[in-house]
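Engineer: Position 64, counted from 1, in the sequence shown is what our numbering calls 65; the numbers after and before it change by one each time, with no gaps.
Mixed in with the good hints, there may be bad ones.
[Unchecked claim] Each computed DSS-like pair below joins lysine-lysine, with the alpha-carbon atoms no more than 25 Å apart:
| hint | residue 1 | residue 2 |
| --- | --- | --- |
| 1 | K27 | K49 |
| 2 | K39 | K27 |
| 3 | K42 | K27 |
| 4 | K49 | K39 |
| 5 | K39 | K20 |
These are calculated hints, taken from the structure and not from any lab test.
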Amino acid sequence: MLWYYELSIFNPPENWFQKSTNAFQKVTIGSGYYVYTKIGKYNWFVRKVLYLMILILQVAASVILFQIIDLIFEILVPVPL
Numbered sequence: 002m003l004w005y006y007e008l009s010i011f012n013p014p015e016n017w018f019q020k021s022t023n024a025f026q027k028v029t030i031g032s033g034y035y036v037y038t039k040i041g042k043y044n045w046f047v048r049k050v051l052y053l054m055i056l057i058l059q060v061a062a063s064v065i066l067f068q069i070i071d072l073i074f075e076i077l078v079p080v081p082l
């Protein structure tokens with residue numbers, strides 16, 4: 002799976018298309034790769050605890066982001082009663 006991520010990143014990016022592709026990849030699926038590279042140096046048990054904490058943080062951030070987007074759409078496109 003890491004090989005596919007590394008394959009999808011242009012290193013170094015040479016034009017705007019490659020830079021935008023890199024930005025899209027890093028924003029959507031790059032957090033897992035980043036966490037994997039930073040946590041890989043710890044032992045097995047510590048990695049699992051850190052992964053659990055990061056998973057909880059990502060779930061909370063996703064719920065908050067969803068609620069913000071939902072509020073924006075509710076303001077912009079009100080549903081008639």
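Engineer: Can the restraint linking K39 and K27 be considered satisfied, given a maximum Cα separation of 25 Å?
Structural biologist: 15 Å, holds
Engineer: Against the 25 Å threshold, does the CA-CA distance of K49 and K39 hold or violate the hint?
Structural biologist: Distance of about 13 Å is within 25 Å: holds.
Engineer: K42 and K27 were given as a pair; does the straight-line alpha-carbon distance stay at or below 25 Å?
Structural biologist: 21 Å, holds
Engineer: For the pair we were handed, K39 and K20, check the Cα-Cα distance against 25 Å.
Structural biologist: 23 Å, holds
Engineer: For the pair supplied as a hint, K27 and K49, is the alpha-carbon distance within the 25 Å limit?
Structural biologist: 23 Å, holds
Violated hints for the displayed structure: none, as all numbered hints are satisfied.
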